[in-house]
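Visitor: Working from the sequences, and respecting the hints, build out all of it.
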Amino acid sequence: MTVEFLSQFLAVYGSLINFIGVNALLALSLYVTLSAGQLSLGNAAFAGIGGYASGILTMHLNVPYPISVLAGAFLPAVVALLIGVPVLRIRGVFLAMATLAFGEVVRIAAVNLGITGGAQGLVGIPNKTTTFIIYGTLAATTYFLKVLGGARIGWSFASIREDETAAKVMGINTTYYKTMAFVLGAFIAGMTGAIYAHLNFIITPGEFGFSAAVQLLIYNIVGGTRSVYGPVLGAFILTALPEVLRGAGVTAGPLRLGVNGVILLLVILYLPNGLSSFFGKKGKLHAQRDGE
Amino acid sequence: MPVLLQQLINGFFIGSVYGLFAIGYTLVFGVLDILNLAHAAIFTLGGLTALWLTTAGGLSMWIAFPLAGLFSGTLGLVLDQAAFAPLRRRAASNLSGLISSIAMAIIFESAALGIFGARTVRFPEGIIVNRVWRFESVTVTSLQVGIVLSALFLMLALTVFLKRTRMGKAIRAVAESEHTARLLGINVDGVIAVTFFISSSLGGVAGILYGLYFDALAPDMGRSIELKGLAVIILGGMGSIPGAILGGIAFGLSEVFTVALTGTSNLRDAVAFTVLLAILILKPSGLLGRGRVREA
Amino acid sequence: MFLEFEKISRSFGGLNALSEVSFGLEAGTIHGLIGPNGSGKTTLINVVSGITEPDSGRLLLAGRPIHRLPSYRIAALGVARTFQNIRLFSSMTCLENVIAGQHLRAGRALVPLLLRLPSARREERQSREEAMACLASAGIENRASALASSLSYGERRRLEIARAMALKPRLLLLDEPIAGMHRREIEEMENLFRSLVESGVTILLIEHNMPFVMRLCSRITVLHFGQTVTTGTPEEVARHPEVIEAYLGVEDR
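Chains as they are written, first to last, in the numbering used here: chain A, 65 to 356; chain B, 2 to 297; chain C, 107 to 359.
Check before you lean on any hint, since a few could be wrong.
[Unchecked claim] Pulled a few chain A residues facing chain C out of the computed Cβ check, cut under 7 Å: (1) L125; (2) Y129; (3) A215; (4) R216; (5) G235; (6) I236; (7) N237.
[To be verified] Some chain A residues well away from chain C (every beta-carbon gap over 10 Å; in silico): (8) G156; (9) I217; (10) T229; (11) A230; (12) M234; (13) T303; (14) L333.
[To be verified] Quick list of simulated restraints, FRET-style, between CB atoms: (15) A:A203 to B:P67: 57 to 65 Å; (16) C:S258 to B:D190: 51 to 59 Å; (17) C:A239 to A:V76: 52 to 60 Å.
Derived from the structure by calculation, the hints contain no laboratory data.
Even for Gly, the Cβ is constructed at its ideal location relative to N, Cα and C.
Guide: See the structure below:
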């Protein structure tokens, strides 16, 4: 009986569950960068680069799936390094703008280049990703980021986020760590894009544009960026929410869009630490209680 | 050669609309140190409101134009009250302001979608008288001239306002140092509200002009100009109004030339953003910028 | 000379904040830096900690020029500081603030933590003990798990000092560390600074509290309009005619 129920459940909600997992991973990619106080609006584009690169590798060069995914992770990381090093020397708002511009360049390139399939997208990517792979990666990434938060790197990120000048005089090479946070975020985003590309046979440029980048930001703000579970929570709620609304008769369109906006506004104004602040104790950073 | 001249003229015209739009961005950034990403949504609503006034309201453009501009200004006040003022009271980070503006942009955009629908619409035929003049082999329409004149007039008016009037000086004082301005007894919150009003009405007017120029209005027309506006203020320098104007024109020209050179409009935007990226990497303060570039 | 200022000059848009400031600190002493408001004291500290670069002149730490080094490298040479307008990590607890300050001194390498090795656990415990010790010397160990934003003004200054101590500095730059403290706190800080000096730390102290400065400092430098007026023992400085004029010439204090 349970098996039947489960398989029915998966048949109906399988793709939603996959989608939630992917969004959670993407949200985490932005979380890393935000944890060092930097705003990147380019993580959707990094995911796109990862997705296209790995899709092309698998489709045209018959590269084995795991290597393809790895390549999809490293390529955006390298790009992030190239952008990050000059831009992160200056004020944070410039990274936001640079990544915004970068995202557009990537989208336009994807629409216009032949090898990426143009506006129709890349079609025919072999289906290699399973729910298990998605959630396994999510679990591993969550664990990794949690431990990272309590390590020297994580403490450096947190210090930079709190007060960059104070961090500098404490001996933290802020440019180095900000770049690391940015590149690591790009890596995770690229890896997720690669995994996603092998899920539904096709990826299109529209999925990696500005709205997607904003969505990732919303997951983080709503879920809260004080804990690694925040973005996961945010992704879960905001990916499942449209389905819940649909069940209640509210279909895609202006109202759903507006609801997203209102939620974001309310959270940023009244619950700046996001929904996850309801769960953790205030002020307790990563390793302090979990260290042993 | 005549083609070149024609391109120059076209680029100049569209560039002045970009410049007008960018002034709104740069004004808010100069005064508040915040990037207002809801500006583009108000641009859209300004254009759509003028459309509504001329179609459903049956008003002439001469009346609809300033009305829609004032309405956009009011939206700016709403924006400040809803999204930025609460954060100021809390002394939140600039990042919060950015996110807040994104939230308002989404709300405004969904309002535009809900009220006007997703189709592309246009101003009614003959809403403005459009004469065509030919010099040698160059074509100029009275619409284009009107656009440039309006844009230039507004920019000039703003410059005079900032230099000569008391409120203008107060705005510049707050832009220089909010703390000092407060000590001098300036009503900072009031000044910020006025700044948003001006910035948003300029943005809305830019939307009307844009809609007239391209003969098309859509709820997502803000999307493409938003990023261009950013590129313009980076190019011209954050917080610099002349920079926004010059940057806008330079940008308009570069767009037009890219299309002319490559023969296709596809890469037009890509060039623009690559330029933006390059400037951010090489000289983030832009051509005329005065904003603080290094971390405090 | 442990720390030497050689004709340090710096101007900001036409305003000469520092003009050829020259003096030196002996190792293991408390050196005071005084002067009316706006005389350039904080700017000078910013130069030492690498936040501001001098337009000309040299700064030598144990003979090594540091005036062109970025802040984090100067910190790595053993220089720690507090800020006049207090830059704490407000959403962290006091203990967490100090642990953050251990960046250059504590391990917390990623791989051992990922593998949950016992060495990582030991390190964690040790780091926490040392952080508590810093809090204790500043007299605020009872506030260890309180958020930094909930501290009183005097407690915040003490937390900044505790966090600076976490770096185990050779040179400690204190910018008005006892401002806003009451008498008992000031006494505790006096003892703390003396014991730090006894253990070999050199302190450069900016303070407006004259009796405190006179009691504690073995030598004092006076700045006025960005220029060095004089450097000497407290007695010499108190008698110096230009110093008296600089202070009496300013109405408020």
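Visitor: For every hint, state whether the structure bears it out.
Guide: How the hints compare with the structure:
1. L125: 33 Å, violated
2. Y129: Interface hint status for A:Y129: violated (25 Å vs cutoff 7 Å).
3. A215: 4 Å, holds
4. R216: Since chain C brings a Cβ to about 4 Å from A:R216, closer than 7 Å, the hint holds.
5. G235: 4 Å, holds
6. I236: A:I236 check passes; min Cβ-Cβ to chain C is 5 Å, inside 7 Å.
7. N237: 5 Å, holds
8. G156: The assertion about A:G156 holds, with a minimum of 17 Å to chain C.
9. I217: 6 Å, violated
10. T229: 6 Å, violated
11. A230: 4 Å, violated
12. M234: 5 Å, violated
13. T303: For A:T303, whose nearest Cβ neighbour in chain C is about 28 Å away, the distance exceeds 10 Å, so it holds.
14. L333: Non-interface label stands for A:L333: nearest chain C Cβ at 18 Å, farther than 10 Å.
15. A:A203 to B:P67: 57 to 65 Å: Holds, at about 59 Å.
16. C:S258 to B:D190: 51 to 59 Å: Between C:S258 and B:D190, where Cβ atoms are some 30 Å apart, the hint is violated.
17. C:A239 to A:V76: 52 to 60 Å: 59 Å, holds
When each numbered hint is compared with the structure, violations occur for hints 1, 2, 9, 10, 11, 12, 16.
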